[in-house]
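Its first residue numbered 1, the sequence shown is counted upward by one per residue in our numbering.
Worth flagging that the hints you see were computed from the coordinates, not collected in a lab. These figures come from a predicted structure and were not determined experimentally. Every residue, glycine too, gets a C-beta built ideally from N, C-alpha and C. Treat the hints with care, as some may be off.
Derived pair list, reagent style DSBU-like, types lysine-lysine, alpha-carbon separation capped at 35 Å [to be verified]:
#, residue 1, residue 2
1, Lys37, Lys73
2, Lys22, Lys73
3, Lys62, Lys37
4, Lys37, Lys59
5, Lys59, Lys114
Using C-beta positions, here's what the derived DEER-type ranges look like [unchecked claim]:
#, residue 1, residue 2, range
6, Gln106, Met23, 22 to 30 Å
7, Glu105, Gln45, 35 to 43 Å
8, Glu93, Thr65, 20 to 28 Å
9, Val75, Ser10, 13 to 21 Å
10, Ser25, Leu113, 29 to 37 Å
11, Gln112, Asn9, 37 to 45 Å
12, Asp108, Arg72, 40 to 48 Å
13, Gln45, Asp97, 27 to 35 Å
14, Leu14, Pro86, 19 to 27 Å
15, Gln104, Val79, 40 to 48 Å
16, Ala18, Gln112, 31 to 39 Å
17, Glu93, Lys22, 14 to 22 Å
18, Ser10, Ser84, 24 to 32 Å
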Amino acid sequence: MTKSLNHKNSAAALAPVADYFKMLSEVSRLQILNSLKVGEMNVTQLSEETGLGQANLSKHLKILTQAGILTRKPVGVSVYYEISDPMIFDLCELVCDRLTDRIQEQADRLHQLKAFSTIVK
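Sequences are here, hints too, so could you generate the full structure?
Here it is as structure tokens:
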């Protein structure tokens, strides 16, 4: 845990952290964030990029905006969304790197098991 939370193990202190991770636990939201990595997009562009319907997309954009991860900028009749907290990509990269390591470790164990099973035969 971060330094600021080490001395605060109460549920009230940890609830915002849990809420933040809950917000990121939705695949559609991760698709949106991944799409916006290249720069701002309007709803039509995001819908095309993610394949999400407009109602579903709007729901997730609202949640991400309320969480402070995205900003919305009206331009004429369109609204453009962009990442306001680029640290989110560091967090996602950290998780992806860890998952890659775990998958590689599992593949290595399976390879050893397969090698062992051919010796036993």
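Structure-based check of each hint:
1. With a CA separation close to 16 Å, the supplied pair Lys37 and Lys73 stays within the 35 Å bound.
2. In summary, the hint linking Lys22 to Lys73 is supported, as the alpha carbons are separated by about 25 Å, within the 35 Å threshold.
3. At roughly 18 Å between alpha-carbon atoms, Lys62 and Lys37 fall within 35 Å of each other, so this suggested pair holds.
4. Our distance criterion of 35 Å between C-alpha atoms is met by Lys37 and Lys59, whose separation comes to about 19 Å.
5. Restraint check for Lys59 and Lys114: the C-alpha separation of about 47 Å exceeds 35 Å, so the hint is violated.
6. For Gln106 and Met23, the Cβ-Cβ distance of about 28 Å falls inside the hinted range of 22 to 30 Å, so the restraint holds.
7. Look at Glu105 against Gln45: about 38 Å separates their beta carbons, and that is inside 35 to 43 Å.
8. The hint said 20 to 28 Å for the Cβ distance between Glu93 and Thr65, and at roughly 22 Å that hint holds.
9. The hinted range of 13 to 21 Å is not satisfied by Val75 and Ser10, whose Cβ atoms lie roughly 44 Å apart.
10. The hint said 29 to 37 Å for the Cβ distance between Ser25 and Leu113, and at roughly 32 Å that hint holds.
11. Between Gln112 and Asn9, the C-beta spacing of about 39 Å keeps the proposed range 37 to 45 Å intact.
12. Look at Asp108 against Arg72: about 45 Å separates their beta carbons, and that is inside 40 to 48 Å.
13. About 29 Å separates the C-beta atoms of Gln45 and Asp97, a value consistent with the hinted range of 27 to 35 Å.
14. As the Cβ distance of Leu14 to Pro86 is approximately 25 Å, the hint placing it in 19 to 27 Å holds.
15. A hinted range of 40 to 48 Å for the beta carbons of Gln104 and Val79 is consistent with their spacing of about 41 Å.
16. At about 37 Å, the beta-carbon gap between Ala18 and Gln112 stays in the expected band of 31 to 39 Å.
17. Checked against the given bound of 14 to 22 Å, the beta carbons of Glu93 and Lys22, roughly 20 Å apart, stay inside it.
18. For the pair Ser10 and Ser84, the beta carbons lie near 29 Å from each other, so the given range of 24 to 32 Å is met.
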